[in-house]
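These are the residues of each chain, in order.
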Amino acid sequence: DAGVIQSPRHEVTEMGQEVTLRCKPISGHDYLFWYRQTMMRGLELLIYFNNNVPIDDSGMPEDRFSAKMPNASFSTLKIQPSEPRDSAVYFCASSLVRQGGTDTQYFGPGTRLTVL
Amino acid sequence: SQQGEEDPQALSIQEGENATMNCSYKTSINNLQWYRQNSGRGLVHLILIRSNEREKHSGRLRVTLDTSKKSSSLLITASRAADTASYFCATDPRMDSSYKLIFGSGTRLLVRP
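Chain order of the listed sequences is A and B. Number 108 in the working numbering belongs to position 110 of the first sequence; there are no gaps in the numbering. In the working numbering, each residue carries its 1-based index in the second sequence increased by 9.
Treat the hints with caution; some may be incorrect.
What the hints assert, rightly or not - Derived coverage of chain B by chain A (criterion: at least 3 residues anywhere in the stretch with Cβ under 8 Å from a Cβ of chain A; other residues may be distant):
| # | region |
| --- | --- |
| 1 | 51 to 61 |
| 2 | 108 to 120 |
As the list claims (entries may be wrong) - Chain A side only, calculated, beta carbon under 7 Å to chain B, not exhaustive:
| # | residue |
| --- | --- |
| 3 | Leu41 |
| 4 | Thr102 |
| 5 | Gly108 |
No wet-lab data here; the hints were simulated from the structure. None of the values given here were measured: they were computed from a predicted structure. Yeah, the Cβ is synthetic: ideal placement off N, Cα and C, and Gly gets one too.
Build the full structure now, drawing on both the sequences and the hints.
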């Protein structure tokens, strides 16, 4: 298996532009997570899905952020309009939750977003 | 808010020495996991310890869990330069049908050759 795939790996955009980050989870995994990592705030969970349904989006910072999972093999995180404070590394992770609770999460390589 | 807090924030040791990192958390948990992150990369799972376990080993890694103190430690024995990375603990809080992990702030480990 290729692991979790994210694209693009790097994105540089100007303030006010729309940004779309993409993620392909590991085949067969039923949970998908979006995280944001910054030096100041560490690793923050933004939203997670179970079987393509959003379960908890309490970490989404504001209405400018939205996430979708139209099918089991694809998810997007969109920021519109983007702001310089959105600059961070965004990670996607997937997991197969087995009996007994949370299992290992497999992380993608991340998308480094820079908003000028 | 962060559930887990690692200590120390940074650690520098000589190759061959042991490295110990600690994690404290706030709420009851189902399990606790440790992850490693190399610079510029995603996190990689190292080991998971369940709330009813006290110690677990995996190769050169040893993890302990003390639920009464709400703390865990990760010991890396006979460290190598390749162990240089950031190490994060992640807890799975006991919440209704919640499967999210909450990550700590991490310990940056530098192993000097």
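Glycine 108 (chain A) as an interface hint toward chain B, with CB separation required under 7 Å: holds, 5 Å
Chain A over the region 51 to 61 of chain B, status - at least 3 residues with CB closer than 8 Å: Since three or more residues must qualify, the claim that chain A covers the region 51 to 61 of chain B holds, with 6 doing so at under 8 Å.
Outcome, coverage of the region 108 to 120 of chain B by chain A - at least 3 residues whose beta-carbon is closer than 8 Å to one in that chain: It holds: at least three residues are needed, and the region 108 to 120 of chain B offers 8 whose Cβ sits within less than 8 Å of chain A.
Hint validity - threonine 102 (chain A) Cβ closer than 7 Å to any chain B Cβ: holds, 4 Å
Chain B contact restraint on leucine 41 (chain A) - CB to CB distance below 7 Å: Since chain B brings a Cβ to about 4 Å from leucine 41 (chain A), closer than 7 Å, the hint holds.
Going down the numbered hints, you'll see the structure goes against none, and every one checks out.
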